Each structure stands twice: as structure tokens, then as C-alpha cells.
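Chains as they are written, first to last, in the numbering used here: chain G, 15 to 321; chain F, 15 to 321.
Treat the hints loosely; a few may be bogus.
From the structure, some residues in chain G lie toward chain F, with a derived Cβ separation under 10 Å [stated by the list, open to error]:
id : residue
1  : GLU70
2  : MET104
3  : GLY196
4  : TYR198
5  : LYS219
6  : GLN231
7  : PHE233
8  : ASP242
9  : PRO246
10 : PHE278
11 : ASP304
12 : GLN315
These are computed hints drawn from the structure, not numbers from a lab. In this text the structure is predicted, and so the values were computed from the model without any measurement. Heads up, the beta-carbon is just placed ideally off N, CA and C, and yes, glycines get one too.
Number of protein chains: 2
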Amino acid sequence: MSLLVVGTVAFDAIETPFGKTDKIIGGAATYISLAASYFTKDILLTSVVGGDFPKESLEMLRNHGVNLDGLQIKENEKSFFWSGRYHNDMNTRDTLATELNVIAGFDPIVPESAREPDFLMLGNLMPSLQHKVMAQLRKRPKLIVLDTMNFWMDTALEELQKTISQVDVLTINDAEARQLSGEYSLVKAAQKILEMGPKVLIIKKGEHGALLFNREQVFYAPALPLEDVFDPTGAGDSFAGGFIGYLAQTKDISFDNMKRAIIFGSAMASFTVEKFGVERLVGLAQDEVDERVQEFIDLVQFDISLV
Amino acid sequence: MSLLVVGTVAFDAIETPFGKTDKIIGGAATYISLAASYFTKDILLTSVVGGDFPKESLEMLRNHGVNLDGLQIKENEKSFFWSGRYHNDMNTRDTLATELNVIAGFDPIVPESAREPDFLMLGNLMPSLQHKVMAQLRKRPKLIVLDTMNFWMDTALEELQKTISQVDVLTINDAEARQLSGEYSLVKAAQKILEMGPKVLIIKKGEHGALLFNREQVFYAPALPLEDVFDPTGAGDSFAGGFIGYLAQTKDISFDNMKRAIIFGSAMASFTVEKFGVERLVGLAQDEVDERVQEFIDLVQFDISLV
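Model the full assembly from the supplied sequences, consistent with the hints where possible.
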């Protein structure tokens, strides 16, 4: 097993200034798996859905090479549902509804065959469940990446800190980095957070790109300036999926390779926001991915020779 | 004459979360000239001060190679004064006082010897005065860069649009680009603004870097993540000064050279914010500038080979 992914598989209903959707499929693990599938086909997803989750969406995931042996289907229950409305700036949103449904009683079970993954992606979820997945593994993965959010800092900080202390890479946004560290300066915030356990911190800044920190180095990845951000839902998860997918493909966890992985992750996120939900992330051609990455290269390339 | 600089030379009193100053020297043209002085010593400044402006500060500017023949000194008047207080995020501020003093009656006169500059930097000032300076030149400079702010969009939009239509490069921040264009997407905003006349638009995003647009290309320059932003006053002016100073030094106004110029401008801005006022921008060693530029190179460098 190359990549084990844990997180929600869910329904979303989204309103943006450009329109609104009925229930469409979403969830952190869905975006992560789809984005990662462009880099490795050896992915196993651990999650839970209700009997209402469309069989054709599961088939779509399988067609992307995602193994669903770790996906529990509770036929008589309903899938996790989130509904939100984005403001005009597309950076802020109101949650209109959160129905936990099957997630409330979720007890993740990693199939026996997947308990020695090389890479583990812990998508946004209750920290105790993320921790439970780690505890089921027979040996430590080469790399564990954890994504989380402010909600868990507000409601389960101690459990979150315990989980964070055991991972290699933490991905959070700038406001969350400030909240978790109590530092306004992102440089200071990063150093404090790296003292909590992770060797690497990725701070996601949405349209302003992302920062990659270890204790000695920092890398700034831009975001592609887009004509329209149609729906930001899943951008962070797609970023994480592209990031860990590229690392799993190349089997190189050096800082230099993480720089490349962040560019691939940013490219996947830039697709996601172009349409509602996972629509743009399904069935991309390799050419499209390469062209998008080339746009990132062109965007930041400059040539200065200091004498 | 290589570079003609127009803008305010003034007093500021600044409060930040880190401390406060009495009246210290500031003004757009002061920061621009100092930043540019690290790249070219053929600079003439056109502005006005009162008799209260310290002679040693004028001497400091001269020591940086800035020709003050275009600086009017109104012995019986007071210099322009601005006072402001920055919020904790250092991105927003309240203006506590604005005393126009000598600026109210300022009639810029470019000395005869400086009426054929290769480069013209129109620092933030009433658009009518920026226009007046252009009208005094005997021939069109190789490049005219204009910096302005939302205040003139609110109070003198028509005059500003007329002035903008005659320049080559416009520098504004992201909120101003949105205001001027009526577009939220910066990509769309840039295309609309480029239709107003300038060939190149620079959108300054503070701690999030800067975007360089022409009609076909876009470049994203990062900002250096800093431990502390001590005082943001003059960062945009220092950026503009480094930008045009580098262009004046290299005499190359291609898009590729503008990318380099933005990195040098960003480096100068990163010094300015490290201390109050111009303190950090005075008497830098060439080594310090080069090291800072190298930090920018290291910050964004990655190496992806697409097959």
C-alpha cells in the first residue's frame, strides 16, 4: 500500500455568488483521493457513508484507482452533510447546516492489507479518529501528513495537540497557524508549531499561495491568479492530495521534493475551484495537469545573477 | 538625468504595536529616492518642504546621491505632516492627522537640467500635480511609473484617470485595483486597468507579495516572510524606488527585466519595514542588498522538469 487516506466522504450543498448546488458529493477524503490519483494508483480510502451515497460516485472513485475496501457503507443511515454560503470575497463563508449523520458514530477501521502504508494522509476529521487510524498501523509510514481546522482547535485542542505531536507534516491555513501558536507573525508561528512535533509545516493562504517551513528553510509557493474562483470548496483538500500524491509517486520526502509537491498540490487546487464540487477534478488529462504546472513555473520564474 | 522622482518629502508620526515615534522624516519621494539610490546615483527629486525640515536629513539624501535642485524650501511654512496608528495586523491603519501645510500650495517645478529624464517616478501625490510634472518634460521618458492611492480615486477620479492614461506602469494595492476596476478578480481587474492606458500594472499585496501584469503575461513576486513587521510606513514607496532604480540602472524595460526589478523592489521594502521610518533604508551596504535578494531567490526557487 502506497497511500492511505482518511477523512470524510460526504454531501455538500454550496452557494456562491455564481450560483448554488443541490446535494453534491464532497468530503475531505474524496478531494484528497481524486487529486492524489493523478500521481499514484495505489490509494486506499478509509471513511464511512450512508446508504444514500450514490453508487456511481463510488464507481467514479474506483475508476480513479481508489481502493474503497476501507469505506464503510451504513445502508440504513445518512451520509455526512454540510451546507455553506460563500461571501463575495470567496475567502469567507457561513455554515448553513452540518448534519453529522454516519460520522457521529464513525469508527475507522483500516483493512488488514492496508496497515503498512508508505504514506498516510489524515484528512480533516476529529483528531481522536485521526489518532485511532495511526494506532492501527503495524509500522510507521515513511510520511504522515495531517490536515485540520480551527473547529478542532476550539473544541478538542488537547486531543489535536496529541495527534499533531505524532505527524511529520501539518497543513493549516494562516488564521489557524496564528490561533494554534498565539503568534501573529507567520515566521514565529511556524517555529512555535514546529516545536509541537511536526518536522514540516505548510501554511495555506488561499489566493495568496502557501508557505512551506522546516526549522531551517522556508519556501513560498504562489497561487495561480485566476479569472474566477467559482467554488473554493475542497481546494485545501485537493492541495493536500496533490502534495502527498506527488510524494508517494516520487518516494522522496526531501525538502526540495516537498517544494515540487506543493506546486503540484497548488495545481490540483487551482482546478478544483474552477467548477462546483469535484466536477473539474474528475477525469483530467495528464496534459492538462502538466500545462497547469507549467503555468506555475512561468508565473514565478525569474533570473537574477548576483555578482 | 537618469531618474526624476516626484512626491512628498514630509514628517510622519507613527504608532505601531511595537512603539511610537515623534515626528520623523518620511514622504513618498524620500523613500523612493533612498531605495533607488542603491541602483543609480543620477537621481533628481522634485518636491517641497517647510523651513522646519531638518538640514541634516537633506544632507543625508545628498549623501545618497540624490540631487535636491528640484526641492523647494519654503522657509516660513511647515512641512507636510501625517500621523497614523497601525492595527495589530499591521495591514490596516487609522490616520490620526493630516496637515497639508506646504503641500497645499505646491507647484512642482522641474529644473531645466532635469527635463529630459530617462525614467520618471511619479510618487503618490495629487494627480493634477503628477500630470503637471509630465507636462514640463521636453521629451517623453523611456518609462513613466505612477504610484497612487484610494484617496485620489475617492476625491479626484477624473484627474487620476487622465494621468493614468499617460503612464507606462501603474502601481496600486489589491484593494485599490478592485476599486479602480470594479472587478473583484485581480486578473479581470488587471485587464480592465490595462485598458485605461498603462502597459504594465503592478498590484502590491503587502505581506502576500506583488503581481506584475501586462496584456499577455503575469508574474508573481513573493514577499519575504519576516519575523516582525515593525513599521510598514513607506514599504510601497521603497518597493517603487527599488523597482525603478533597478530599471534605471540596467536601462532595460522588458517584462523579464521588470520581473527582476520587482524582486529588487521587494527587497528594499523588506528592509524598510524592519525599523521605524527610513532608519533601515539609510546607509545599507551593497552586501546586505545582495544577501536580501538572494533570500528572495532561495524563497521561490524550485526545479520541476516536465517530460
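A quick look at each hint next to the structure:
{"no.": "1", "hint": "GLU70", "result": "33 Å, violated"}
{"no.": "2", "hint": "MET104", "result": "8 Å, holds"}
{"no.": "3", "hint": "GLY196", "result": "13 Å, violated"}
{"no.": "4", "hint": "TYR198", "result": "7 Å, holds"}
{"no.": "5", "hint": "LYS219", "result": "7 Å, holds"}
{"no.": "6", "hint": "GLN231", "result": "8 Å, holds"}
{"no.": "7", "hint": "PHE233", "result": "7 Å, holds"}
{"no.": "8", "hint": "ASP242", "result": "6 Å, holds"}
{"no.": "9", "hint": "PRO246", "result": "13 Å, violated"}
{"no.": "10", "hint": "PHE278", "result": "8 Å, holds"}
{"no.": "11", "hint": "ASP304", "result": "5 Å, holds"}
{"no.": "12", "hint": "GLN315", "result": "8 Å, holds"}
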